[in-house]
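> The lines below spell out each chain.
There are 2 protein chains.
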Amino acid sequence: MKRRAAKRSAPLSFQDEIAEVGRFIEARIGGLSGALPQPVPQRLKESMLYSLTAGGKRLRPILCLKAAEVFGMPWERAISLALGYEMVHTSSLIHDDLPSIDNDDLRRGKPTNHVVYGESLAIFAGDALMAWAFEYPIAALAKAKVPSGRVCRAMGIMANSLGPFGVYAGQVLDTDLESMEAGDDFPFKVAARKTGTLIAACVESGAVIGGAKRRASAAFRMYGMHLGIAFQIVDDILDETSSAQELGKTPGKDVAQNKRTFVSVYGLEEARRLALTESKRAVDALRVVGGDTRFFSALSDHLVERTR
Amino acid sequence: MKRRAAKRSAPLSFQDEIAEVGRFIEARIGGLSGALPQPVPQRLKESMLYSLTAGGKRLRPILCLKAAEVFGMPWERAISLALGYEMVHTSSLIHDDLPSIDNDDLRRGKPTNHVVYGESLAIFAGDALMAWAFEYPIAALAKAKVPSGRVCRAMGIMANSLGPFGVYAGQVLDTDLESMEAGDDFPFKVAARKTGTLIAACVESGAVIGGAKRRASAAFRMYGMHLGIAFQIVDDILDETSSAQELGKTPGKDVAQNKRTFVSVYGLEEARRLALTESKRAVDALRVVGGDTRFFSALSDHLVERTR
Numbered sequence: 001m002k003r004r005a006a007k008r009s010a011p012l013s014f015q016d017e018i019a020e021v022g023r024f025i026e027a028r029i030g031g032l033s034g035a036l037p038q039p040v041p042q043r044l045k046e047s048m049l050y051s052l053t054a055g056g057k058r059l060r061p062i063l064c065l066k067a068a069e070v071f072g073m074p075w076e077r078a079i080s081l082a083l084g085y086e087m088v089h090t091s092s093l094i095h096d097d098l099p100s101i102d103n104d105d106l107r108r109g110k111p112t113n114h115v116v117y118g119e120s121l122a123i124f125a126g127d128a129l130m131a132w133a134f135e136y137p138i139a140a141l142a143k144a145k146v147p148s149g150r151v152c153r154a155m156g157i158m159a160n161s162l163g164p165f166g167v168y169a170g171q172v173l174d175t176d177l178e179s180m181e182a183g184d185d186f187p188f189k190v191a192a193r194k195t196g197t198l199i200a201a202c203v204e205s206g207a208v209i210g211g212a213k214r215r216a217s218a219a220f221r222m223y224g225m226h227l228g229i230a231f232q233i234v235d236d237i238l239d240e241t242s243s244a245q246e247l248g249k250t251p252g253k254d255v256a257q258n259k260r261t262f263v264s265v266y267g268l269e270e271a272r273r274l275a276l277t278e279s280k281r282a283v284d285a286l287r288v289v290g291g292d293t294r295f296f297s298a299l300s301d302h303l304v305e306r307t308r
Numbered sequence: 309m310k311r312r313a314a315k316r317s318a319p320l321s322f323q324d325e326i327a328e329v330g331r332f333i334e335a336r337i338g339g340l341s342g343a344l345p346q347p348v349p350q351r352l353k354e355s356m357l358y359s360l361t362a363g364g365k366r367l368r369p370i371l372c373l374k375a376a377e378v379f380g381m382p383w384e385r386a387i388s389l390a391l392g393y394e395m396v397h398t399s400s401l402i403h404d405d406l407p408s409i410d411n412d413d414l415r416r417g418k419p420t421n422h423v424v425y426g427e428s429l430a431i432f433a434g435d436a437l438m439a440w441a442f443e444y445p446i447a448a449l450a451k452a453k454v455p456s457g458r459v460c461r462a463m464g465i466m467a468n469s470l471g472p473f474g475v476y477a478g479q480v481l482d483t484d485l486e487s488m489e490a491g492d493d494f495p496f497k498v499a500a501r502k503t504g505t506l507i508a509a510c511v512e513s514g515a516v517i518g519g520a521k522r523r524a525s526a527a528f529r530m531y532g533m534h535l536g537i538a539f540q541i542v543d544d545i546l547d548e549t550s551s552a553q554e555l556g557k558t559p560g561k562d563v564a565q566n567k568r569t570f571v572s573v574y575g576l577e578e579a580r581r582l583a584l585t586e587s588k589r590a591v592d593a594l595r596v597v598g599g600d601t602r603f604f605s606a607l608s609d610h611l612v613e614r615t616r
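First to last, the protein sequences are chains A and B.
Sequential numbering from 1 applies to the first sequence in the working numbering.
Sequential numbering from 309 applies to the second sequence in the working numbering.
Extracted from the complex, chain A is given alone in its bound form:
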């Protein structure tokens, strides 16, 4: 009550606002253990929760909750969908780190899932997390009496962002040598699929679940796509310029794996310029939205300037 009154007279700074929503999400992730359908084999449960609770920016659930909030939906009602996005994201990271793919042993500053639980369990934990990402929000949103038309649209958006058009298309372009294409726009294609579609989906479906009309939800989608590309460009830059300690994962992997990143194709300076351009496009996309979208502009600036 006190906080609300304070909020009205002096709005939270962006730093306070992102910290507050981050804490809300972190607490809910901590409580997910009790929400798992029963009975779950103990080692599967541990393996799923190990990666889910390993920290990270929680960018996708933050975007999802804040987009729903623009249309008046409280965090409490939208949280299951937001956590669904963290589940699919975590699922894709677990598989991406596998020995036969990126072969990474450090993620979010901790040993990767397959290093701790073995390859076979890591594959199944990723699969189970992807399925849970649908199961958990569908059940919770029905319980919260969110209209099923909105739920169907939101889950369709999530599925589309992952499928053969989305994240896994990006992963294949990024890791399969025979799928690599010539042309300077190749890093854009990979980033749009690998990072853009999922970030676009979490903001768009957050807006949808909150009750946004088509025009507004499409604007959020566009924001997310440009933000996701900007985010990936900065990732590529940091992969070349940071230490493992700063990054929480193994740096220099892109060069070692001969990947065609924004930095290898455009060089560091041009990549920095491209990140700013994409970030600006993200913010511009939201102009048509009526509600208060200052958080999204500030987040866009914040992500471009990040150092890890």
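Check before you lean on any hint, since a few could be wrong.
Now the stretches of chain B that chain A is said to cover, found in silico as 3 or more residues with beta-carbon under 8 Å [claimed, not checked]:
# : stretch
1 : 349 to 357
2 : 467 to 473
3 : 482 to 489
Think of the hints as simulated: they come from the structure by calculation, not from any bench.
Glycine residues also receive a C-beta, built at the ideal position from the N, C-alpha and C atoms.
Given the coordinates of chain A, work out where chain B should sit on it, guided by the hints.
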């Protein structure tokens, strides 16, 4: 028109009926290539369709379509959900065959996905198929104007059957030595998760999408669970008693991998008896359903007597 009239005067035999629905499904699977969201990386597309079109019994989509039909829904309207089940099933087989899991190189009489496309692409093809299994029916059922409440329930059932409670729980129990449990009921636990939940889900959600009320859809779920366990028992028996040519996959793997199957725990004769009991329980579960369920009884007999 002619066929319908003929059908009314002399009902199709079970063999004709299953062949007819099988042909309908096979034709639709053949057309899925054109339904993929664009643009899909060529090798990802090939890898997904390679396993999806490799044949198999199509048991899950058959059950889904026939359950919807009991409640008056034509195959045409329910087909996207049925194909979704074939996608998730294929996804789980691709991952199950991987070198770090069952390490199988023969499936449905053809080299397994990772043998043809490599391990990394096989992992992503499985992931993309699971996502597409949600994306494709959600979009198609909305287009067919199936009420979104039914769609949400059906997709929730599909997700639940895969997640940490379902197929992937079964896979972990089946392959992770540290998750193996003592007790004679262990093969039942594995079969219920690994095979039962998905078969239960495809009949239950077929009924739901067709418009079944809770009591009837629960009866179909029960039917599917017992049928799935019976199916798994027969699988375990065939793994010990068949040749690769008969089976279309490598036989004798269970013994080689020291798995605790129905045969290793109960012996061949008792396993055969258990399959019959489960099959009878499946048929009994449908007694409360009002519509014509003869197909489901015949299918249950047919599956217990199969030789591959």
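> All hints are to be evaluated individually against the structure, with a verdict given for each.
To see whether the hints hold, each was checked on the structure:
Coverage of the stretch 349 to 357 of chain B by chain A holds [criterion: at least 3 residues with CB-CB distance below 8 Å; count 6]. Restraint check on the stretch 467 to 473 of chain B versus chain A: 6 residues with Cβ-Cβ distances below 8 Å, three needed, restraint holds. By the rule of at least three residues with a Cβ nearer than 8 Å to a Cβ of chain A, the coverage given for the stretch 482 to 489 of chain B holds, with 4 such residues.
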